Amino acid sequence: MTDRIVCQKCIHYFVTWQQNKPHGCKAYGFKSKIIPSVVVKNSSGLPCSFFQLKNPQK
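First residue of the sequence shown? That's -5 in our numbering, and the numbers climb one at a time after it.
Just so you know, these hints were derived from the structure itself, not from any lab.
This structure is a prediction, so every number in the text was calculated from the model and none was measured.
Take the hints with a grain of salt, since some may be wrong.
Unchecked claim - Computed cross-link-like contacts, DMTMM-like style, restricted to lysine to aspartate or glutamate with a CA-CA straight-line distance of at most 25 Å: (1) Lys27 to Asp(-3); (2) Lys20 to Asp(-3); (3) Lys35 to Asp(-3).
Make a model of the complete structure from these sequences and hints.
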């Protein structure tokens, strides 16, 4: 079992403030009604390969 990807903790995630597409991913270049990692998993069957933690602990 793999860890769940939390897009809100990723450097590529952004909030669009559009009511119908509030979540965005800069790495994949799209906006969506659902969390981008779920869209990627449903589309490709693979987990997001661009996830990078915003503030990795040193």
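Against the structure, the hints:
no., hint, in the structure
1, Lys27 to Asp(-3), "holds, 22 Å"
2, Lys20 to Asp(-3), "holds, 21 Å"
3, Lys35 to Asp(-3), "holds, 13 Å"
Checked against the numbered hints above, the structure breaks none of them.
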